[in-house]
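Protein chains: 2
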Amino acid sequence: MSRYDELKREELCTLKKEIDRQYEEYKNQKLDLNMARGKPCSEQLDLSMELFRYTDNLISESGVDSRNYGFLYGLPEVRKLFADLLEIETDELILGANSSLSLIYDTISRAYNFGVTENMTPWSKLDRIKFLCPSPGYDRHFSILELFGIEMITIPLNDGGPDMDMVEEMAANDDSIKGLICVPKYNNPTGITFSDDTVDRLASMKTAADDFRIFWDNAYPVHHLTEEKAVLKNILKACKESGNPDRVYIFSSTSKITFAGSGIAIFAASKNNIEYMGRLMSVQTINPNKINQLLHYRFFKTVDGILRHMDRHAEILRPKFELVLDIFENELAGKGIASWTRPLGGYFISLDVMENCAKRVVELAAEAGVTLTPAGATYPYGEDPFDRNIRIAPSYPPLEELEKAMEIVCTCVKKASLEKLLEHY
Amino acid sequence: MSRYDELKREELCTLKKEIDRQYEEYKNQKLDLNMARGKPCSEQLDLSMELFRYTDNLISESGVDSRNYGFLYGLPEVRKLFADLLEIETDELILGANSSLSLIYDTISRAYNFGVTENMTPWSKLDRIKFLCPSPGYDRHFSILELFGIEMITIPLNDGGPDMDMVEEMAANDDSIKGLICVPKYNNPTGITFSDDTVDRLASMKTAADDFRIFWDNAYPVHHLTEEKAVLKNILKACKESGNPDRVYIFSSTSKITFAGSGIAIFAASKNNIEYMGRLMSVQTINPNKINQLLHYRFFKTVDGILRHMDRHAEILRPKFELVLDIFENELAGKGIASWTRPLGGYFISLDVMENCAKRVVELAAEAGVTLTPAGATYPYGEDPFDRNIRIAPSYPPLEELEKAMEIVCTCVKKASLEKLLEHY
Chain F
1 MSRYDELKRE ELCTLKKEID RQYEEYKNQK LDLNMARGKP CSEQLDLSME
51 LFRYTDNLIS ESGVDSRNYG FLYGLPEVRK LFADLLEIET DELILGANSS
101 LSLIYDTISR AYNFGVTENM TPWSKLDRIK FLCPSPGYDR HFSILELFGI
151 EMITIPLNDG GPDMDMVEEM AANDDSIKGL ICVPKYNNPT GITFSDDTVD
201 RLASMKTAAD DFRIFWDNAY PVHHLTEEKA VLKNILKACK ESGNPDRVYI
251 FSSTSKITFA GSGIAIFAAS KNNIEYMGRL MSVQTINPNK INQLLHYRFF
301 KTVDGILRHM DRHAEILRPK FELVLDIFEN ELAGKGIASW TRPLGGYFIS
351 LDVMENCAKR VVELAAEAGV TLTPAGATYP YGEDPFDRNI RIAPSYPPLE
401 ELEKAMEIVC TCVKKASLEK LLEHY
Chain B
1001 MSRYDELKRE ELCTLKKEID RQYEEYKNQK LDLNMARGKP CSEQLDLSME
1051 LFRYTDNLIS ESGVDSRNYG FLYGLPEVRK LFADLLEIET DELILGANSS
1101 LSLIYDTISR AYNFGVTENM TPWSKLDRIK FLCPSPGYDR HFSILELFGI
1151 EMITIPLNDG GPDMDMVEEM AANDDSIKGL ICVPKYNNPT GITFSDDTVD
1201 RLASMKTAAD DFRIFWDNAY PVHHLTEEKA VLKNILKACK ESGNPDRVYI
1251 FSSTSKITFA GSGIAIFAAS KNNIEYMGRL MSVQTINPNK INQLLHYRFF
1301 KTVDGILRHM DRHAEILRPK FELVLDIFEN ELAGKGIASW TRPLGGYFIS
1351 LDVMENCAKR VVELAAEAGV TLTPAGATYP YGEDPFDRNI RIAPSYPPLE
1401 ELEKAMEIVC TCVKKASLEK LLEHY
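Going down the list, the sequences are from chains F and B. Numbering-wise, the working numbering puts 168 at position 168 of the first sequence, and it's gapless, one number per residue. Just so we're on the same page, the working numbering is the position in the second sequence counted from 1, plus 1000.
None of these hints come from the bench; they were simulated from the model. Hints should not be assumed to be uniformly reliable.
Subject to a maximum C-alpha distance of 20 Å in a straight line, what follows is the list of computed SDA-like cross-link-like pairs (lysine to any residue) [stated by the list, open to error]:
| # | chain 1 | residue 1 | chain 2 | residue 2 |
| --- | --- | --- | --- | --- |
| 1 | F | Lys237 | F | Lys271 |
| 2 | F | Lys125 | B | Arg1128 |
| 3 | B | Lys1125 | F | Lys237 |
| 4 | B | Lys1125 | F | Asp127 |
| 5 | B | Lys1301 | B | Asp1046 |
Cβ pair distances, simulated, as ranges [unchecked claim]:
| # | chain 1 | residue 1 | chain 2 | residue 2 | range |
| --- | --- | --- | --- | --- | --- |
| 6 | B | Glu1241 | F | Met120 | 45 to 51 Å |
| 7 | B | Gly1160 | F | Lys240 | 56 to 62 Å |
| 8 | F | Glu146 | B | Glu1403 | 55 to 61 Å |
| 9 | F | Glu146 | B | Glu1241 | 35 to 41 Å |
| 10 | B | Glu1241 | F | Asn356 | 52 to 58 Å |
| 11 | F | Glu168 | B | Lys1240 | 53 to 59 Å |
| 12 | B | Ser1282 | F | Glu367 | 24 to 30 Å |
| 13 | F | Met120 | B | Glu1025 | 48 to 54 Å |
| 14 | B | Glu1050 | F | Met120 | 48 to 54 Å |
| 15 | B | Glu1403 | F | Lys240 | 48 to 54 Å |
| 16 | F | Lys240 | B | Asp1311 | 22 to 28 Å |
Beta carbons are placed, not taken as given, at the ideal position from N, Cα and C, and that holds for glycine.
Construct all of the structure, not just a fragment, from the sequences and the given hints.
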């Protein structure tokens, strides 16, 4: 099959008739398939059901009654486990409640209302605050920034991370730029992992704002899909080595290790940051759910326990990702109408269609019963400058549904492309 | 034994020698007893261990997989259970994560940053914001207000609730007064329950500020200690009937029903308020821990199930409260040096000592190995205008420890009173 843009008008019209027919057929099936969110599937959730084997005695191995008040930062042994996982010190980590998104929100909110340290001006008292937003990125990050009226600057996200020349240039010269927010490993949605060089440059770059902070949402630290496991350089260490120990806030969670939205959220940072944030946190809550922490600890015991568990997730997820990639390859390759990522981990495949076609594809898919993440969602303000990027979340649907959904999506991509090409013929 | 203030100087001196000797004896025992916080004891926590019997299948009765993302407001059947408990509609309630304190903090924070409705000025944009604080009250409430720079006005708390003449007068005439925060049932620390008249006046009073809100921390709705169960009038209903449906935010939790800090937090309000808060909440988190909700639901099943469970708590707590009251009666009654409350429910006994003696009592107790809630903690800014009130938390220590601790406290009260009386003789 040749590239669509090399076809004559007549050929395009014939093709379009065929695709329109296919599309109508799908529509008549009145399907209801959802590929919008990065949700684990039931089989993945089943992997962690043994967590509840450990409920007979809820006094922790360190002697703490997990059922009672106290231990704002979490149970000591559980903090140690996750500190080991993230390769940081135990006192550089606080265990939150069930949501890392909440921790990100709260950290933004604290900087906004009280400043990032005792001596810095709260961001709310400044005329303008801006954040650098490598994109495509995570829609929920952008929603938080938008809610707080933080101006978002889109930075192109390349294979090794954000365009660092642009990041350095902007951060160095504009003191209203207060932060950068990103998913640095198995990025949501492109799947890329920041290179060592990117991490080093982020840690060491000059920033005009003294209170510049990197919000490092390490949501998928051990969420590999293949044997080729990406390694993300330790940014907290890099920041310390560059003399900027307080620059980074690290977030993670077990939402895609154990239970989505019922796991453990993690905040990691320099001891200075932990001390300050902990003090503010102590006004907000007495402690996170420590019973859930203890059960997680007993279920995993060691970092190795977590890694073995993640292998089992990968076994479930890999065929789904492979299926999507195979369908893309069979249906879309060589036509000049789409490109996509082949992630080594994480939860998403990022599909780029022809410019000004993403919204149309999502709309067509919706009409045919397939819910996709809204086009544009992966960019600040929901505005993809090229209306091109679509986030594909293969994890949740069973294989048969996924196959059907992706065939429909491919048909929608073809249909939208043909509409676009014929428009300009 | 006669009143201390009727004794001659010589008699006081003799008595003081005896008390000092007793005090030194206690000190030499190098005890370490903590009566500072309202923590449930192990036997109480054991009552809920059966919660974990229900983990075999985590698909909820309403068909929701509690292990996966979604349902920001909580599982439908669990919302219904707690709505029934609070005698409100299911859609007037959101289930939070594990901490009602967090819900209070978040609600203050949202009002501060975004206003209480779309159209109201965020409190942060106003020169001054004030809150009415019936006191003695809950120290953690005051800490939140202080952190946000909200000016706290102490309102005397009487047997039927706050001094309503003062509340009405102030709320009606000062539009910088934006709220009132309280524990209306089995008050922390006095144990009183607001009268129907108080509830009606709060619901119907004129407020100069359109965005006046009552933060109604109904922390102990079913936490009775005796057969004489206090009834708190339904304030949401009263607010609706008075044409002020949006005036009240209700908070509660199961921290003292199941597990302290690992239970379920509850936010209840008018549908308008729920809709607005829910929209802001959706930016902050995806959902609360629904597994924990489901286990709570299966454990209790009905409101009656909760009430029967609370009877078992009362059986454990009642002897502790009785012991404290007996010791106070034996040691302090008739001496004119102290008065105390006899709560029908909740977690505290409020002890009033002679003016300007509370700090000294707490200090003396600490030196003798008994940690009490800091004197003043029950007032805004930690400042008890009379330095008189001490919060006693009998729930946690075993009876023997409690007995010892209370004997020490009584000795400290006597010692501080004698010091004070002799000072002025």
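Results for each hint:
For the given pair, F/Lys237 sits about 12 Å from F/Lys271 by alpha-carbon distance, which is consistent with the 20 Å threshold. The straight-line distance between the Cα atoms of F/Lys125 and B/Arg1128 is roughly 15 Å, inside the 20 Å bound, and the hint therefore holds. Taking the CA atoms of B/Lys1125 and F/Lys237, the gap is about 39 Å. The hint is violated against a cut of 20 Å. With a CA separation close to 13 Å, the supplied pair B/Lys1125 and F/Asp127 stays within the 20 Å bound.
Proximity of B/Lys1301 to B/Asp1046 is assessed by CA-CA distance (about 19 Å); at most 20 Å being required, the pair is judged to hold. Between B/Glu1241 and F/Met120 the Cβ separation comes to about 48 Å, which falls inside the hinted range of 45 to 51 Å. Distance hint check for B/Gly1160 and F/Lys240: the Cβ-Cβ separation is about 58 Å, which falls inside the suggested range of 56 to 62 Å. Restraint check, F/Glu146 to B/Glu1403: a C-beta distance of roughly 58 Å satisfies the suggested window 55 to 61 Å.
About 38 Å separates the C-beta atoms of F/Glu146 and B/Glu1241, a value consistent with the hinted range of 35 to 41 Å. Taking 52 to 58 Å as the suggested C-beta distance range, the pair B/Glu1241 and F/Asn356 conforms, at roughly 56 Å. Between F/Glu168 and B/Lys1240 the Cβ separation comes to about 57 Å, which falls inside the hinted range of 53 to 59 Å. In this structure the hint that B/Ser1282 and F/Glu367 lie 24 to 30 Å apart at CB holds, the actual value being about 26 Å.
The supplied range of 48 to 54 Å is met by F/Met120 and B/Glu1025, whose beta-carbon atoms lie about 52 Å from each other. Evaluation of the 48 to 54 Å hint for B/Glu1050 and F/Met120 yields a pass: the beta carbon distance comes to about 49 Å. The hint said 48 to 54 Å for the Cβ distance between B/Glu1403 and F/Lys240, and at roughly 52 Å that hint holds. At about 55 Å, the beta-carbon gap between F/Lys240 and B/Asp1311 misses the expected band of 22 to 28 Å.
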